[in-house]
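Let the sequences and hints guide you as you build the complete structure.
Protein chains in written order, with my numbering: chain A, 1 to 290; chain B, 291 to 439.
A portion of the hints provided could be inaccurate.
Heads up, incomplete: computed chain B residues facing chain A, CB under 10 angstroms, no partners named [what the hints assert, rightly or not]:
id	residue
1	E343
2	A345
3	W350
4	A355
5	A364
6	L369
7	S386
8	F390
9	E391
10	A400
11	L404
12	V416
13	L429
14	R431
15	R432
Partial chain B-side listing against chain A, Cβ under 10 angstroms, derived [to be verified]:
id	residue
16	L337
17	G344
18	H347
19	V353
20	G378
21	W394
22	F411
FYI, nobody ran anything at the bench for these hints, they're computed from the structure.
All of these numbers come straight from a predicted model, not from anything done at the bench.
Note that CB positions come from ideal geometry on N, CA and C, so glycine has one too.
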Amino acid sequence: MRKTARLFALLTLFVVLVAALAVATPSQSTQDTYFFAETAEIARPVQGTVQIYGGHVTVSSTIGGDLLVFGGTVAFAGAGRVKGNLFHGAASLQNAEGRVDGRVWSLASPDGALASMGKSAITASLLFVWLIAAVVWTFMSGREVRLSSLEVRASALHCFVLGLVAFTSFVLTAVVFTYLVPYLIGVPLLVALAILATLSKIYGMIAVFHAIGTIVARPRSREQLGKRAWLRGDLAMVVLGVLILGALRFVPVVGTLIWGVASVMGVGVALATKFGRREPWFLEYRSAVA
Amino acid sequence: MTTCDHYLEDPEAHAAHLDTCAECREMFGELDAELELPVRPVQLDALPLAPWEGASHRPWGLVAAAALAALALAATLFLVSGQSPIAGIWRGAASSFSPFEFAWNVANHAGGALRAAPRVFQIAVVISFFAVNTLLFLLLRRAPKGIDA
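Following this line, the structure appears as structure tokens:
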């Protein structure tokens with residue numbers, strides 16, 4: 001418990017420092033315009049970026065920068081136009097076609113390329129990328145991948161719940177870190193967080209590939225193992241998992257959902273097993289017994 | 291006089307004690323006796339297959355076949371949609387970095403939004419930050435369950 005208390009004390013100190021910094025340095029004035037759960041209209045040209053979080057906003061003039069919309073509804077009318085990029089998630093866009101000069105990014109399908117190319121062709125290209133990444137990683141540290149794969153199969157629900165919590169934590173921590181960007185310390189913190197999240201996602205997905213391959217095609221006996229020329233070993237299980245999950249990804253809606261669940265589970269298992277090392281992240285404090 | 295305890299402490303120094311003590315003689319006789327252990331043949335094939343058995347096998351043929359199949363599928367789909375396969379595959383592969391680009395762009399703007407947000411929203415973010423990270427901390431304390439491999 002003493003270790004836990006120490007950790008919480010450190011965390012509290014961190015937040016107090018952040019708050020002190022925020023008080024000491026007033027927030028810098030930017031050209032950004034914000035709408036939080038408001039009903040409003042952009043009737044005059046805006047030079048900077050417009051950010052909308054919930055509510056209903058009508059854009060009937062030019063936005064010089066980017067437009068970010070998370071939640072709520074944005075309707076374009078009249079001379080409404082965005083000169084920068086449009087980022088949106090969980091939002092409803094009305095009459096937005098042909099009114100964005102830059103790229104349109106969606107939280108659901110963040111790759112802008114999807115809009116202009118065949119989705120299936122892109123999915124197949126990504127499958128190839130995942131295959132290469134999975135093979136290279138498994139070749140370098142097959143044992144760790146196997147250990148994490150075991151964890152996926154032994155406690156799938158725990159991995160999923162942990163993945164969900166970790167994903168939410170990444171988002172919230174990123175939001176808090178972005179608050180620190182003007183104080184410079186925010187940039188390295190954000191980069192470190194991004195690296196951790198990326199590695200968790202890639203490694204975790206490879207562990208899930210291994211788990212799926214193992215569930216489907218693992219040899220049931222030594223005799224079967226001896227007879228197989230290709231379908232045995234960590235590398236084969238991972239390749240099989242990539243192919244199965246990749247094939248499922250081609251199924252509209254369901255495929256995306258399955259891939260999303262696998263991603264969340266992957267992040268969970270990467271953290272649950274400490275990237276296959278099976279070491280505790282936080283040691284529990286216990287007094288020595290005489 | 292040599293007692294049983296003296297003998298047990300240093301049998302070599304008090305070797306004569308065995309001639310006079312029947313109890314110690316019997317006890318050490320049992321220790322010296324050869325044991326006949328029951329021999330049970332181990333049926334290796336009856337044991338379940340361990341996860342590490344055959345794990346290091348590397349079927350490069352399967353890897354090459356799968357990679358070629360994915361590449362051929364992508365190229366065919368790009369050709370069907372009237373686009374250059376090489377440029378398409380390159381852009382498709384590059385799009386795997388798009389989520390990070392998206393997150394980076396949004397993160398760059400979100401800090402300013404947080405500062406401009408109503409106080410209630412800021413408090414909610416801070417409370418959520420603590421609640422979620424505490425939950426994550428508690429979940430990470432659980433030991434992995436998978437058996438050793």
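Against the structure, the hints come out as follows:
Against a cut-off of 10 angstroms between C-beta atoms, the interface hint on E343/B holds, since the closest Cβ of chain A lies about 7 angstroms away. Interface restraint check for A345/B: the shortest CB-CB distance to chain A comes to about 5 angstroms, inside 10 angstroms, so the restraint holds. The restraint placing W350/B at the interface with chain A holds, with a minimum CB-CB distance near 8 angstroms, inside the 10 angstroms limit. Because the smallest distance between the Cβ of A355/B and any Cβ of chain A comes to about 9 angstroms, under 10 angstroms, the interface hint for this residue holds.
Given hint, A364/B at the interface with chain A, holds; its Cβ is 4 angstroms from that chain's nearest Cβ, closer than 10 angstroms. Hint status for L369/B: holds, given a least beta-carbon distance of 9 angstroms to chain A, under 10 angstroms. Here the hint on S386/B is kept, as its CB sits about 5 angstroms from the closest CB of chain A, short of 10 angstroms. With its C-beta approaching chain A no nearer than about 7 angstroms, F390/B sits inside the 10 angstroms limit, and its interface hint holds.
Checking E391/B against chain A: minimum C-beta separation of about 8 angstroms stays under 10 angstroms; hint holds. At its closest, the beta carbon of A400/B sits 5 angstroms from a beta carbon of chain A; the interface hint therefore holds under the 10 angstroms criterion. A hinted interface residue such as L404/B counts as satisfied when its beta carbon comes closer than 10 angstroms to some beta carbon of chain A; here the least separation is about 5 angstroms, so the hint holds. For V416/B, the shortest C-beta to C-beta distance to chain A is roughly 7 angstroms, which falls under 10 angstroms, so the interface hint holds.
Satisfaction of the interface hint for L429/B is found here, the shortest Cβ-Cβ separation to chain A being roughly 5 angstroms, below the 10 angstroms cut-off. Using the Cβ-Cβ criterion of 10 angstroms, the hint placing R431/B at the interface with chain A is satisfied: the shortest such distance is roughly 6 angstroms. Hint on R432/B holds. Least Cβ distance to chain A is approximately 7 angstroms, under the 10 angstroms limit. Taken as an interface hint, L337/B checks out: its beta carbon lies about 9 angstroms from the nearest beta carbon of chain A, inside 10 angstroms.
Interface hint at G344/B: satisfied, since its Cβ lies 5 angstroms from the closest Cβ of chain A, which is below the 10 angstroms cut-off. Taking 10 angstroms as the C-beta contact cut-off toward chain A, the hint placing H347/B at the interface holds, the least distance being around 3 angstroms. Restraint check, V353/B versus chain A: the minimum CB separation of about 5 angstroms is within 10 angstroms; hint holds. A least Cβ separation of about 6 angstroms between G378/B and chain A falls short of the 10 angstroms threshold, and the interface hint therefore holds.
This hint holds: W394/B has a C-beta 7 angstroms from the nearest C-beta of chain A, less than the 10 angstroms allowed. Here the hint on F411/B is kept, as its CB sits about 6 angstroms from the closest CB of chain A, short of 10 angstroms.
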